[in-house]
Amino acid sequence: MKILVCISCVPDTTSKISFTDENKFNSENVQFIIGPYEDYALARAVELKEKNSDIDISLLNVGLSQNDPLLRKGLAIGADRAYRINSEPNDSNFVALNIADFIKKNNFDLILMGKESIDYNSGLVHYLSGSILDFQTFNPVIFLDLDTDNRVIIKRETDSGIEKIKANLPLILGCQEPIAEWKIPNMRGIMNARSKDLLVIEPISVSSSLKYEKFTLPPEKDEIKYIDKENIETLINELKLKNL
Amino acid sequence: MSTLVFIDLNKSKISESSAQAATIANQLDDKVYGLTTYNDDDYISSLGNKGFDKVFKIDDFKNFDAIKETIINHKINTIVSPNINLFKELASKISIKLNFSITSNVLEIVDNNSIISSIFTGKAESQINVDNENRIYLLNKNIIDSKEFDKKVDIIRIDSKISQNDNFEILDQTLIEEDISLNDADIVISAGRGLKGPENWKMIEELAKKLNAATACSKPVSDAGWRPHHEHVGQTGLKISPKIYFAIGISGAIQHLAGVNSSKTIIVINNDPDAPFFKAADYGIVGDAFEVIPKIINSLS
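Sequences listed follow chains A and B, in order. Residue numbering for the first sequence follows this note's numbering, beginning at 509 and increasing consecutively. Residue numbering for the second sequence follows this note's numbering, beginning at 18 and increasing consecutively.
If you are wondering where the hints come from, they were derived from the structure by calculation, not from laboratory data. The reader is advised that the hints may include incorrect statements.
[Claimed, not checked] Taking lysine-lysine pairs in the PhoX-like style, the calculated list, with each CA pair at most 25 Å apart, reads:
#1 A:LYS733 with B:LYS281
#2 A:LYS691 with A:LYS612
#3 A:LYS750 with B:LYS260
#4 B:LYS28 with A:LYS663
#5 A:LYS729 with B:LYS260
#6 A:LYS674 with B:LYS79
Okay, chain B solo, but in the shape it has when bound:
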């Protein structure tokens, strides 16, 4: 029996979430396999240092028949994957067609039959018993630090014929132009209505650049059109769990906290000392953002 990790790429490198999944897979199993659509054999060979023994190369994650065959032929009974939509779709298909149990928002794999999952948008946790030899765990980001390994990778090319005709057509693709994706960022700089207007985001962007961070915002800000919708974090927006979350001029409504409460370290900057966000923060600065942010930028220079 063996363990498979879905490999997601970020700027032509394995994403940190997939590296973390590989570290966890190594805790469960001696032999860890990977599945990727990446084509560069030199790079794939280097993935031994992320804990892979074998990597299957495939043209497209949509090629379900080839993936199904690989799972059966290589006796894969455990799949560990980042909790992203691309892999949720594939994992759901495997779950239904090959009878794997599936759980998402996994925070910890306690043992082979038991996991802890985040529920109620981070407001609670549940221990779930999994009574199935075949299982898929979709992991939340940053539940572990990825480790370095000293393994040699066997590359196996899976013959690929797209097995189904798509009954849709992509008319247009708009790429989000951001240097760092909000999902994959270690540091996120988020701002709210306290910034008074979209013209004041320059300093937020400058701070983000200094820290190699992604930018985000609260719901009122994206509703007002000050920032694009894909930057909205919170209960009805994106849920993120970076290592550091800066909340600037955000009061900290319970719906906003729900989207960011699993961040490792939360730093709140607000001129209202009674802002509820301070209750959820690790560090707090009471002060005017227009005064404090330039100071932070300065001290980083």
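So that you can see chain A by itself, here it is in the shape it has in the complex:
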């Protein structure tokens, strides 16, 4: 079985976000990580491979060469090879079209992504890729296991609860905890990763209709109002005053 795990490379969750005078993301002093949701997806793929050695895991990122160390990390965690589509991930549509094109050319049974990337948070790339390829897409998926006859069992969250589903392949899944525990590469994994392939592919051209015109930080909050714990009624009155 061929699994593709698509990862984003994003600022660490504790990063302070700021922008330069040229209206660009300020990456100074920012540590980049594999997106936390994709990190779960990769961990689950590796767990499945540990139980079934027929599984082959490819890793894919749309990004520039500064992401290569994170792709190497993914190889150290247990992916068999990595691909990088050599472009800034301009918008969801651009990323989805490039991923879909790659999947068409390389045939995968199971495509794992995160529920969303934590930089632009669109949460659309899995659905868009699925629409381009006419592949069934589920999101967010909190459980994944292999079944017989090239099928998988998953659980996904819906607005009203959790659905357990048996689905045919090919399939695209947007993953979320607790699908797996994050994995940390061990020394052997790191050594092995050095000899695995990291292949760079040029992007297909996509005419984009979206332009990120301006970045700003959210408006500052008003000063906090402290309420004395002996005087809780004050809080209730304040909320009533604000019509809340």
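With chain A fixed as given, assemble chain B onto it according to the hints.
Okay, now just chain B, sitting in the frame of chain A:
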């Protein structure tokens, strides 16, 4: 050219998010259409007061061919929808198959070609220019108050034949038993490790009941199994934007704030006066939750 709103239901009524989307659609267009799977014509007729002129009834949002035809026949060029997974999936399909531009986490529609979207999990915003006559805006909740309208609704039934065979089978459905869904709640009562153990959630639930609120928790709490995973709000959990968010015994790590920073009013209760959450709060109470919460419950009685 006309504007379509996807109608999501909450307990057999239009959800507040869809009502808000309809209000925004009315700012963009005189004629606003709705799409629903709801079947009760009497109720649908009453949706004129939410700003709808016409409502299309369909059996299933998965019936893409019928929806596609409706969009083409009724010259729909703008779609405004709550930013929920059910509609994200449908919107993505429309975007790809009918060449609509799509943006999610929309905080404001500035004009026909420009929107503001929330990025970096609420830590920043971006103004995006949309250079396409056809566009879909997936709106964050509570970016506007829904308004009342005085319109008459035309109900149109779309003939439905499910156009595709599902290649999956639903084996089992577990419904989350909660009175108020976390996504749709106006008030959320959230608690963290400061509560010391799962047995102490009774007072949280009691307060939630009093305020008609949903309950939530921080990541360490759901990781420890004190509360179910679907209650976890934060960077890797659910992102919510209620009108009031109570954070009780939660220190306010940056990952937690990322999931709740778009709440209208944040009330922090913590016995540590240096808890970072106070910096993000509108109201703060320094004190022991076990002392403060019963007092709040009392003063609400």
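Hint by hint, here is what the structure shows:
1. Using a Cα cut-off of 25 Å, the hinted pair A:LYS733 and B:LYS281 holds, with the two alpha carbons roughly 15 Å apart.
2. Among the hinted pairs, A:LYS691 with A:LYS612 is inconsistent with the structure: their alpha-carbon atoms are about 29 Å apart, more than 25 Å.
3. Between A:LYS750 and B:LYS260, the direct Cα distance comes to roughly 11 Å. Compliance with the 25 Å bound is thereby established for this hinted pair.
4. Proximity of B:LYS28 to A:LYS663 is assessed by CA-CA distance (about 24 Å); at most 25 Å being required, the pair is judged to hold.
5. Pair hint A:LYS729 plus B:LYS260 holds up; C-alpha atoms about 15 Å apart against a cutoff of 25 Å.
6. At roughly 18 Å between alpha-carbon atoms, A:LYS674 and B:LYS79 fall within 25 Å of each other, so this suggested pair holds.
Of the hints listed earlier, the one the structure fails to meet is number 2.
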